[in-house]
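Basically the working numbering = 1-based index in the sequence shown + 149.
In case anyone wonders, no lab produced these hints; they're calculated from the structure.
Hints may be right or wrong, so weigh each one.
Unchecked claim - Below 27 Å or equal to it, Euclidean Cα-Cα: the simulated DSS-like pairs (lysine-lysine) are:
| hint | residue 1 | residue 2 |
| --- | --- | --- |
| 1 | 203 | 160 |
| 2 | 328 | 198 |
| 3 | 352 | 154 |
| 4 | 306 | 346 |
As the list claims (entries may be wrong) - Restraint ranges, calculated between C-beta atoms of paired labels, are given here:
| hint | residue 1 | residue 2 | range |
| --- | --- | --- | --- |
| 5 | 150 | 313 | 17 to 23 Å |
| 6 | 154 | 301 | 36 to 42 Å |
| 7 | 343 | 211 | 31 to 37 Å |
| 8 | 217 | 151 | 30 to 36 Å |
| 9 | 159 | 312 | 21 to 27 Å |
| 10 | 346 | 211 | 34 to 40 Å |
| 11 | 173 | 151 | 26 to 32 Å |
| 12 | 247 | 198 | 33 to 39 Å |
| 13 | 330 | 245 | 29 to 35 Å |
| 14 | 162 | 242 | 18 to 24 Å |
| 15 | 159 | 247 | 21 to 27 Å |
| 16 | 195 | 160 | 32 to 38 Å |
| 17 | 215 | 247 | 18 to 24 Å |
These figures come from a predicted structure and were not determined experimentally.
Ideal Cβ positions, reconstructed from N, Cα and C, are used throughout, including at glycine.
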Amino acid sequence: MYLVKTPWLLKKLYPQLTWHMNNASRCIYLTFDDGPIPIVTPFVLNILKQYNAKATFFCIGDNVRKYPEIFEQVKNEGHTIGNHTYNHLKGWDTDDQTYLNNFLQADKLLNTALFRPPYGRMKRSQANLLKETIPGLDIIMWSVLSGDFDIGLTPEKCLENVLKNARGGDIILFHDSLKAKERMEYALPRAMEYWSKKGFEFKSLSKKGS
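Given only the sequences and the hints, what does the whole structure look like? Please build it.
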């Protein structure tokens with residue numbers, strides 16, 4: 150079970166995390182987790198280029214190690230990089246020091262002040278430890294979840310999830326992964342076409358919304 154639209158109560162309980170940007174803006178903040186990988190990440194980059202869009206890629210360190218040329222392409226095309234741990238660790242199932250070490254292993258390749266916990270799950274103690282170790286680290290969550298990772302979801306429903314719930318200033322979560330490929334490849338270009346016609350811009354995230 151998961152919620153497509155992040156409830157206000159969750160945002161209130163964890164105000165130290167970034168859930169959305171300026172709600173009054175005419176900007177959509179697209180984010181992609183779990184890459185970079187062949188075929189899927191280049192597909193995303195091609196769609197973004199068609200709309201002169203910038204996005205934020207929360208990369209798995211081991212994928213960067215395996216596919217450095219795709220990682221360089223993401224950076225060279227002007228997109229923002231975020232840390233998504235080295236091995237896609239679930240914080241709830243990992244002790245704090247192991248979690249920190251895995252984050253730092255990825256950071257050697259990524260060198261970024263943005264972080265998103267895999268599965269959106271981490272302990273308060275892990276968040277505090279990361280922030281103490283990396284001053285100025287911004288932990289990015291999301292306000293709209295596409296559901297593209299859900300193999301039981303139709304591509305059409307994935308598209309409906311984002312079109313029905315996204316507003317200006319929202320951080321929208323897609324995945325550039327094989328698991329999400331079918332739904333993401335259907336929903337992303339159609340959503341971007343719709344938002345473009347509505348006059349929205351697509352921007353990447355930067356620290357604390359600057």
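Hints versus structure:
no.: 1; hint: 203 x 160; result: holds (25 Å)
no.: 2; hint: 328 x 198; result: holds (23 Å)
no.: 3; hint: 352 x 154; result: holds (20 Å)
no.: 4; hint: 306 x 346; result: holds (21 Å)
no.: 5; hint: 150 x 313: 17 to 23 Å; result: holds (18 Å)
no.: 6; hint: 154 x 301: 36 to 42 Å; result: violated (19 Å)
no.: 7; hint: 343 x 211: 31 to 37 Å; result: holds (34 Å)
no.: 8; hint: 217 x 151: 30 to 36 Å; result: holds (32 Å)
no.: 9; hint: 159 x 312: 21 to 27 Å; result: holds (22 Å)
no.: 10; hint: 346 x 211: 34 to 40 Å; result: holds (38 Å)
no.: 11; hint: 173 x 151: 26 to 32 Å; result: holds (27 Å)
no.: 12; hint: 247 x 198: 33 to 39 Å; result: holds (38 Å)
no.: 13; hint: 330 x 245: 29 to 35 Å; result: holds (33 Å)
no.: 14; hint: 162 x 242: 18 to 24 Å; result: holds (21 Å)
no.: 15; hint: 159 x 247: 21 to 27 Å; result: holds (26 Å)
no.: 16; hint: 195 x 160: 32 to 38 Å; result: holds (33 Å)
no.: 17; hint: 215 x 247: 18 to 24 Å; result: holds (21 Å)
When the structure is compared with the earlier hints, a violation turns up for hint 6 alone.
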